[in-house]
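Each chain is listed here by its residues.
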Amino acid sequence: MDFSFSDEQVELRHAVRHALAREFPLDALRVTVQTTADERAERAGARWRMLAELGAPALLVPETAGGLGLSDVDLVGVLEEAGWSALPEPLLETAGLAAPMLATLLPVAPAAGALHALVSGKAPLAVGGIDIGPGGPSSPTAVTPDGMLRTPRVVGARTATVYLLACRDPDSGWQLHAVPAADCTLAPTPTLDGTRDLSTVHWPLSSETLLAYGVAAEASVGLMADRGAAGSAALLIGLADRMITMAADYAKERHQFGKPVGSFQAVKHLLADARVKLEFARPATYRAAWSLASAQPSVSHDASMAKAMASDAADLAARVALQVHGAIGYTWECDLHFFMKRAWALSATWGDAATHRQLVLAQARRRGVPARRSDPGT
Amino acid sequence: MDFSFSDEQVELRHAVRHALAREFPLDALRVTVQTTADERAERAGARWRMLAELGAPALLVPETAGGLGLSDVDLVGVLEEAGWSALPEPLLETAGLAAPMLATLLPVAPAAGALHALVSGKAPLAVGGIDIGPGGPSSPTAVTPDGMLRTPRVVGARTATVYLLACRDPDSGWQLHAVPAADCTLAPTPTLDGTRDLSTVHWPLSSETLLAYGVAAEASVGLMADRGAAGSAALLIGLADRMITMAADYAKERHQFGKPVGSFQAVKHLLADARVKLEFARPATYRAAWSLASAQPSVSHDASMAKAMASDAADLAARVALQVHGAIGYTWECDLHFFMKRAWALSATWGDAATHRQLVLAQARRRGVPARRSDPGT
Amino acid sequence: MDLTFDAEHEEFRAEARAWLRAHVPHEPLPSLDTAAGFEAHRAWETALFSDRWSVVSWPIEFGGRGVGIMAWLVFEEEYYRARAPKRVSQNGIFLLGPTLLEYGTPAQKERFLPPMASGEEIWCQGWSEPDAGSDLAAIRSRATRNAGGDGWLLNGQKTWASRGAFADWCFGIFRTDPQAERHRGLTYFLVAMDAPGVTVRPIPQIDGETGFAEIFFENVEVPDAQVLGDEDAGWSVAMSTAGSERGLSLRSPARYTKAAARLIDLFDQRGAPPMAADAVARAYMDAEAYRLHTYWTASQVARGHAVGPEASCNKIFWSETDVQIHETALALLGPEAELLESGSPGEWLDGYLFSLAGPIYAGTNQIQRNVVAERLLGLPRG
Amino acid sequence: MDLTFDAEHEEFRAEARAWLRAHVPHEPLPSLDTAAGFEAHRAWETALFSDRWSVVSWPIEFGGRGVGIMAWLVFEEEYYRARAPKRVSQNGIFLLGPTLLEYGTPAQKERFLPPMASGEEIWCQGWSEPDAGSDLAAIRSRATRNAGGDGWLLNGQKTWASRGAFADWCFGIFRTDPQAERHRGLTYFLVAMDAPGVTVRPIPQIDGETGFAEIFFENVEVPDAQVLGDEDAGWSVAMSTAGSERGLSLRSPARYTKAAARLIDLFDQRGAPPMAADAVARAYMDAEAYRLHTYWTASQVARGHAVGPEASCNKIFWSETDVQIHETALALLGPEAELLESGSPGEWLDGYLFSLAGPIYAGTNQIQRNVVAERLLGLPRG
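Residue numbers (numbering that gives the first Met the number 0), protein chains in the order written: chain A, 0 to 377; chain B, 0 to 377; chain C, 0 to 381; chain D, 0 to 381.
Just so you know, these hints were derived from the structure itself, not from any lab. Keep in mind that the hints are not guaranteed to be accurate.
Simulated crosslink set (EDC-like; lysine to aspartate or glutamate; CA at most 16 Å straight-line) [what the hints assert, rightly or not]: (1) A:K251 <-> D:E373; (2) C:K85 <-> C:E346; (3) D:K257 <-> D:E346; (4) B:K258 <-> C:E373; (5) C:K108 <-> C:D223; (6) D:K108 <-> D:E60; (7) D:K85 <-> D:E26; (8) B:K258 <-> D:D134; (9) B:K251 <-> C:E373; (10) C:K108 <-> C:E60; (11) B:K258 <-> B:D248; (12) C:K85 <-> C:D349; (13) A:K121 <-> A:E52; (14) D:K108 <-> D:E120; (15) A:K258 <-> A:D248; (16) D:K108 <-> D:D223; (17) A:K258 <-> C:D5; (18) D:K85 <-> D:D349; (19) A:K121 <-> A:D248; (20) D:K85 <-> D:E346; (21) D:K85 <-> D:E38; (22) A:K258 <-> D:E373; (23) B:K121 <-> B:E52; (24) B:K258 <-> D:D130; (25) A:K251 <-> C:D1; (26) C:K257 <-> C:E346; (27) B:K251 <-> D:D130; (28) C:K108 <-> C:E120; (29) A:K258 <-> C:D130; (30) C:K85 <-> C:E38.
Selected chain A positions facing chain C (in silico; Cβ < 7 Å) [stated by the list, open to error]: (31) Q255; (32) A265; (33) G325; (34) Q357; (35) A361.
Positions of the beta carbon are idealized from the N, C-alpha and C atoms, including for glycine.
Use the sequences and the hints to build the structure in full.
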């Protein structure tokens, strides 16, 4: 039993934090929304190259396939940092979902092609077609009258060259495809968080893009859902931490009634409650990463618990941070809203807290958390 | 539209408060638990006579039947005062449930007999056999191997001479009986609130005690459930008010860090939250009384809403009052526990807050709140 | 106690309902936090006024109908039921209006109330300053006597003036006695936004729209006739405004009961997911409880009692109810909640953002809790 | 990172499980807040000790097994799994014990630890005073030098000493320098409860049982050998004890995971009512999260890091988790929740009452929130 990160893992996280702070300061978020599409794309490209230099996109790709051969436990800190800086790029989707999935599906040709694109570090991959409901993974992909498939809320499609897309047919079950961007029609979806890249993608169903179907696809989709939940939990942890830090900093500076507002118990206790929620969501999130890395039978339970707790922690952090900032926090000029909007978005995707509580309870009731090497006492 | 009490209603409430403060000071609660059964019975008897002198038990009995001919709107303030003083006697059961029910069932012989006993003012009536679940009224009464009926958690049986008991058969539906105490076997049930009179009653099913059956009994049981919910809401409002008042008083006196603990924002905000919850539960409780008095079609909805809000208000008041008192509140010597225990008991009986929220939602969805004279805007 | 409306009120309701059915625009107006939307909403105010629906509870001479508070509540119920536009005049008619009626001179009432009621002059609030938010008594903007002695010179900076970028007039408090302590020595002024020396800087809000503005005053000349109430007595005049803001007149319950009814519709549309049921029920009941509490308060007012510190309970309750209704709706929308689509998700998202400001403006809920604890429960000041 | 236990820990777990299976009494012992129950629990402590299970993490010389913190957590998991009796020695072995190991002289350790481990001497805590609760530094009980100069005279009053009515020894802090300000000038003493001048007044608690006591000290003579740590340095010694109380050693996670498992059983027995599902899931997850957080903290400790102000997060979290688990259970029991029946309702009700004290003792959660805000977030003192 050693529930801690290695020195290398801590160093990797620090490297990512410093690189992001340097290449992606707070101002850059504002620019992302207010600039032209071209300028936006150029900046996104530069950031992605920087992440690629750090090895982030291919962290989970085996060394034999040109990656770093690391694990979800290495990735979780990187994702937390991406949350901390509200990074707009689809790092979770590319590094956390697409990369390990494609690696397991080698040497299927479309997987090899997509993985090659990913490892090259030129562009992220987009991911779409999996939601999580109280019954587990569900498919938002629909068939359109022209025979194409329509997947809403695909993340990262504007910059990706390959889209990893899932669809589900009531009879034949899940399919997973790696579709070249060139084969798709894309309708960007405006969202509250203007720094987020969401699109509706129309794509053709073709055996040439097929990665997996049937039982294999179902297992892959299940694992991607777990990784989506666990990975977005890590992003949310970083966001929550950042919002609490911003609010605490503001509370030290802002004076009312002749003293810093942070010296009032009401403000202290709001922030303390948010800090406590974060404190206990964190180990749950790290445990989910470990369960993914070591393929624990409890991985779905662990990922759901992480997502439920991290979503609640980020939602509370947003509420508290806004209240502590007061009217200032309600302005565009204050950076807080970028973090709040991202937190709201991520808290609701890959299943919200209430959904994951249902999933956790169902598994706990089935005693669906199979004994690890030994039953931990309950 | 006049949502206020008449001067007479306000005066009646004040009279009850003063009488209870005089005849039933805080010490009397302690004595109730710590004295012998005889002494306890004697004191209970004296209190009941005092309530009878005020006219409380027969408030809802028509003047033609020897009562005061008043309504639930007159009663609600009296019940609130009974809560404020944590009165142990079954005033709700006698005055709020048994009295109006028996009055409507006249001239059926057992009803007339029971009502006569009630109006005489010598002893309260006991009530049992109706619970409220997410599906509405349910029956906890079971048939025992000896052919008797067994009703748990009957309130007031130790002092009553007549028990108003309900039972339900899956085939023939509800029945309502007025059973002489002498025909029953009684097993007092120890509860956390030692001042509460709860028993399990074994009773014989007999046509001689039958008040109503079939559709009439179902309607009566439904109305008693509404009155139980609305009336216990009034008791809970009084309890919540008392606990908040006790805690605020204590917070003014108790000093820590060189000042009254009530000057700390943390304490202020705990109490303010409890006060706000109470403030909004109150009109909901009064509305339920008016709906009962004027036989509104929305009465079940209104009673459920009152019980849900009053239960939550009392539960929060108890939590806050205990926290504000600190360790002192956790002692037998501090009076607070009498009010907390009563609040916990009442909050869970006649359906708890979550149960009533389900009932309210079901009715709101069915648009089951039929238009009053006009649809109020939604 | 009688919770039914009498025939007169029902007749009034029917009349209001009929008028609204005939006049409410079919398409929603553009956001009132934009220049075009502001003017579209002003036109709506004018339409309301021309049939005497803009300020029903005001005296007839100022454009109202002289009806009581219960009738006003009936009108509000019908207004929200009809999904009529937001009230761009709300700071004037709901906040300044009652204060003018209470403290204004006959000349002030005659000068200011009718154009306020008609939408011709739209008001913003000059209350907070960069260093005087929750601590409103820390106001530093000052008013000094002008050379002629018949007026004042205003200097300083106000902030968080909702729609200050578009408004015609501003009401606010300024320090007239620099020696006086905090709540003393403040005076309540009415200022034209086009007066020389007034500069406005729009502040984009969280959704990018120009919801509020900073207002800078540089030697702005204001005649004595634009002082509301007594010199140096601005705090108590302002507290009357703040009482309206937190209490009865700013947030009528129909707003929340209507939103709760829409929430139940959404719940049904989404297949009534059991895990959302409790939150939907809570939101519905809280809106309903606020409505009942308002009738309760209005009945006390009708009997001649004043609205006291209970108004702080009100402010806490409606603002948190509003957040809860919208949070529950977004939870029902799930991953679609972030989409800026017109119609259901977008409207709920807008409403959510707006609701989040509720626990902040009109005195943060932290300040309100202090008021409840100190003035309703008698706890000592900190 | 590896969240599995190694073979050594698993062997230790198996040994503990086997011993507990063989020795845990089949019938629950009477309440340890009664005289008879106290002695029954003392006998259980002796049984634990005789097979070296009472203080597994202590050095072998004092009756422990010298195992690390992870093994201790394993033992605790097995202990709660076996539904073994409450630990009547907990104030000694979990609070004073670690402090003695850190600050005690060799002679003190030898004198006090073994009988503490064996249950022969059971300790209570003399911490709070009537006017020093949350404000612990306001302690007024004092210690003055005795005539001989080789010891002290204690005078004053302590309160809320859990099981103080039955305990053999008491540890507490007394003011030795009356001039010094608040946290300074306090000294940590070990006092025999049968020393002349010690009087105990039992305080019946909310359920009528004698859960705690007031202790009066009147010229109680205490030798120098019973001072723990340096003279006038009692506050920092006490903070070590308080850290244990709030942090790792008082409330092991197995307590909550076991309660959460029982809650899920109850939920199933009651037909899994959908409206209780969310609360049950929350309670289960919070208990599980506390377990994970403890492993996380223990891993930091194992790597040589100290437990910091995060311990205040702990205290807030476990105390509120405990309340939530029991509240949810009572909600499932519905109207039966108030019944003092043996078995399910009664046990949950007992647990609920006990849990309600959690947010109060060991420093109220209000004080803990101050600590979190000031020491983890750097907010200024009030």
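Going through the numbered hints above, which ones does this structure break? Give me the numbers in ascending order. Hint check: 17, 19, 25 and 35 fail, others pass.
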